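Q: Spelled out from the first residue to the last, the chains are:
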Amino acid sequence: MLAVLALLAGTAIALLSNGSAETVVREAAERVAADLVFVQADALAGGAARTVVFAVDEDGYRAYATDDGTLLTYPVSKGPFEVLLAQRFPGARVDLVSADFGGSETLSFDARGAPLAGGIVVVTAGRKRYQVAVADGTGRITVGPVLSPSPSEPVVE
Amino acid sequence: MRTDRERARGFTLVEVLLAAAIAALLSAALVHVLYGVLDLSEAARGADTACRDARLAVSFLERDVRDAERILQIGAGTLVLLTAAGDTVSYAWDPAAGDTLRRSAGGGPAVLAAAVDSLTLSLHTVSRPYTLETLQTILVPRPVESFSPGDWDQWIADTYCDYESREDKRVKDKEWRAEEFWTDEKLVAFTRAAVRAAAKEVKPPPVDLLVCIYKANGSAPYYPGLLVAQGRIDRMSLGTSYAWREAALTMLSADTIPAGGRFWVVLRPDGSGTSSYAGHIEVERVKNCYIGQWPGTAFHYRESTTGGTTWSDRTDQKDAFFAVDGLRADRKLAEMTATLADTLGVSYFLRLASPEGPERRAGFIARYDP
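Listed in order, the protein sequences are those of chains A and B. Convert by adding 70 to the 1-based position in the first sequence; the result is the number in our numbering. Convert by adding 3 to the 1-based position in the second sequence; the result is the number in our numbering.
Here chain B stands alone, though its shape is the one from the complex:
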């Protein structure tokens, strides 16, 4: 039992030091716990900030992508959108610039999220084949006019006309032969002519046989006027008997070839001297026709002995065997197939650093943009 004297004496130094040591230990423990709590609180705040930033960034991203008129550019950490108003909205994440994700819309860039350590943006598309139908202009070869052996046979049988003979008509020097014809439809070009020709006088003829297409003069007697196309039958190709000889025509005039246009096939030698024999052409002749029975209403045969300066008035009972082809412009429905890439949407992956572990957001923003 402690005496009054002992009680009055108080604590010994050892007791005080012991109590102080215990108090210090307890305080240290409490401070340690307190700092632990503060650290946890700080980490929670950091995580909350990261979560808030991620939510805000995704919110803006989804809205801007959905509302955009078009995606102009997309890449690692970069997105540029075109708005319906014609402005651009851009996102930029630059790890070298403080890990911030910035959004620019009109004004300067504004921070959308900090501590971003990853941002991946990808455009998703689907390939779609499509067919485009267009009306294309095409050129269709068309026979313009022709007269061939036998074309009159049925007609002669039905009338009082008599078939007389086929005749040789020489093309030499200034002796030119011509056959008039009309176009049934509008053409863009004459492409080919043919006549039944042979080398009857000299084989081979010394000069080529020129096949010329003339536009008729606008008034009577409508003789050949403007030269619009020309071809050549090689003298070496002519044999001693008649056969169809073809000449590819080259257009020499830009004049249109209207429907119902009046033209001439003129056969002339490639030269105008005294020995420019180019061959003979074959013509058909009938006789004893009554007035009005002449079958050659579609063409009129003419001859010139002046190199095309003057022409015979009438040779109604003869027609040269000839053919002319042309090109007609037509419209054709054409189909073009190709493959288009339709935009389906944008996927994103966003990761922000946080004291409690990275904050992640990933998703797909759908937008059909054909």
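So here's chain A without its partners, still in its complex pose:
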């Protein structure tokens, strides 16, 4: 009986753990997308270019006013626009795997809110990977799972 219960419990924990990773990485991707939408809207509202610089090593990103290089203000905390995923999702091991915008880790929106180059940001939590895609031309931002890892991206276990 105990063995059966242990087996059931183990299965349930594994399922819950897997589901939790999915939820966390999706939440992280949605957060990144929301931040990019904010920067895009800020460029449009202010009529000035904005830049988001991703730092894969730090698992984070910063948003600047392109003209003078000053950090934007984060809308929630009212502090500098510096986001570190490790701080935002403590204990969840959320990683920023890659950010590629035409070969650069920098995403720039012009004064009309259009990106200079579209691209993709990939985040992971456990074995789950989600991507934030910024469409070339329109800057439409979408979130979705990465169905298969690209050969150039290491799979974070």
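Read the hints as simulated data drawn from the structure, not as lab findings. If you're wondering where the values come from, they're calculated on a predicted model, not measured in any experiment. All C-beta atoms, glycine included, are put in the ideal place defined by N, C-alpha and C. There could be a bad hint or two in this list.
Said to hold, decoys possible - Residues from chain A shown here face chain B by an in silico Cβ test under 8 Å; the list is partial: (1) Ala205; (2) Asp206; (3) Gly207; (4) Thr208.
Claimed, not checked - Only part of the chain A face toward chain B is listed, based on derived beta-carbon distances under 8 Å: (5) Glu100; (6) Arg182; (7) Arg210; (8) Ile211.
What the hints assert, rightly or not - Some residues of chain A that are not near chain B, with every Cβ distance over 12 Å (derived): (9) Ala135; (10) Pro150; (11) Asp170; (12) Gly196.
Knowing the structure of chain A, use the given hints to seat chain B on it.
A: Frame of chain A, contents of chain B only:
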């Protein structure tokens, strides 16, 4: 009270099964709640995506319409704009192609919004009457020159000249009559000539009376040179007494008719045989004028008996009764009224499907484009 033996015995199978059943029920309830929360979360994400797409689409649409140089095409789900740089920006929503709204500007089409289930674009215009003023060239009929009975009366009364008579001058065979005149202003055509004519010899005359306008030769004695216009007085129209007979003139030369140009009205029969009588014309004659008192400074009467090959030198005391009209080109301010459609703007209605109900955006993008 339970004894130590009873405590050591543990739970019965029924108790364990009962506990497991209760736990299963609680778990099922929790899972149900959890899935409900996940569904709500999913719906919220979908609604957020739709809201984001709608905002982005409207943002691009408003900006592109305002910045456009011209609206080239607008219709259901289609909009084509011409930018100031001469490029085109187009929007296309095709329900058959995944319900996506795509924007093309320079490169290929890029997705602007997904799950679009309605997009209506309408051009709003206002009709405006306007008046355009232009200078148009018009042709104004102008009398060129004329000499009528009575024109000399006052002059004769003021001088020593004596009025003598009116004379009949026959137009027949090679007997041609001519009156010289000058144009006061530049003309584009001679249109009408008239002479006082009658059928004095044979009624009706056997041939028509031709009224010809000649340009004078460029050197003395300036006799008729180039035939520039010609008309005809029907022989059947001539009566036995003198009356003004008119002839519509047809231009035969493209030469300009300058101001101050020297011309001749030549009256000749429509034929050159021995019985080509065309009628008589009436001329005025004065006599006993002192030198310098001759009134006919504006025209000179001439006669030919050789069919226009040679002309009399002087007949200064006679003038034929004649009139010539022409057309002068003039400029006239003309007003043209019409109605123009001025563009006031573009209205749009965009609806995106969303799990929490459709996301709608509607608005009017003003742009005055006369």
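Q: Over 12 Å to the closest beta carbon of chain B is the bar; see if A/Asp170 clears it.
A: holds (18 Å)
Q: With a cut-off of 8 Å on the beta carbons, see whether A/Arg182 makes it to chain B.
A: It holds, given that the least Cβ distance between A/Arg182 and chain B is near 6 Å, below 8 Å.
Q: Verify the interface restraint on A/Gly207: the C-beta must sit less than 8 Å from at least one C-beta of chain B.
A: holds (3 Å)
Q: Any CB of chain B closer than 8 Å to the CB of A/Ala205?
A: Where the cut-off is 8 Å and the nearest Cβ of chain B is about 5 Å from A/Ala205, the hint holds.
Q: Is the shortest C-beta separation between A/Thr208 and chain B less than 8 Å?
A: Where the cut-off is 8 Å and the nearest Cβ of chain B is about 4 Å from A/Thr208, the hint holds.
Q: Should the hint that A/Asp206 touches chain B count as held when the rule is a Cβ pair under 8 Å?
A: Holds - the Cβ of A/Asp206 comes within 8 Å of chain B, reaching about 6 Å at its closest.
Q: Just checking, A/Ala135 versus chain B, shortest CB gap more than 12 Å?
A: Correct as stated: the minimum Cβ-Cβ distance to chain B is 19 Å, above 12 Å.
Q: Is the hint on A/Ile211 kept, meaning its closest Cβ partner in chain B is under 8 Å away?
A: holds (7 Å)
Q: So A/Gly196 supposedly isn't at the interface. Is its beta-carbon more than 12 Å from every beta-carbon in chain B?
A: holds (18 Å)
Q: Should the hint that A/Glu100 touches chain B count as held when the rule is a Cβ pair under 8 Å?
A: At 7 Å from the nearest chain B Cβ, A/Glu100 passes the 8 Å test, so the hint holds.
Q: At a threshold of 8 Å, is the proposed contact between A/Arg210 and chain B supported by beta-carbon distances?
A: holds (6 Å)
Q: Hey, does A/Pro150 actually stay past 12 Å from chain B on C-beta?
A: Answer for A/Pro150: holds, closest chain B Cβ roughly 24 Å.
Every hint, counting from the list given before, is met by this structure.
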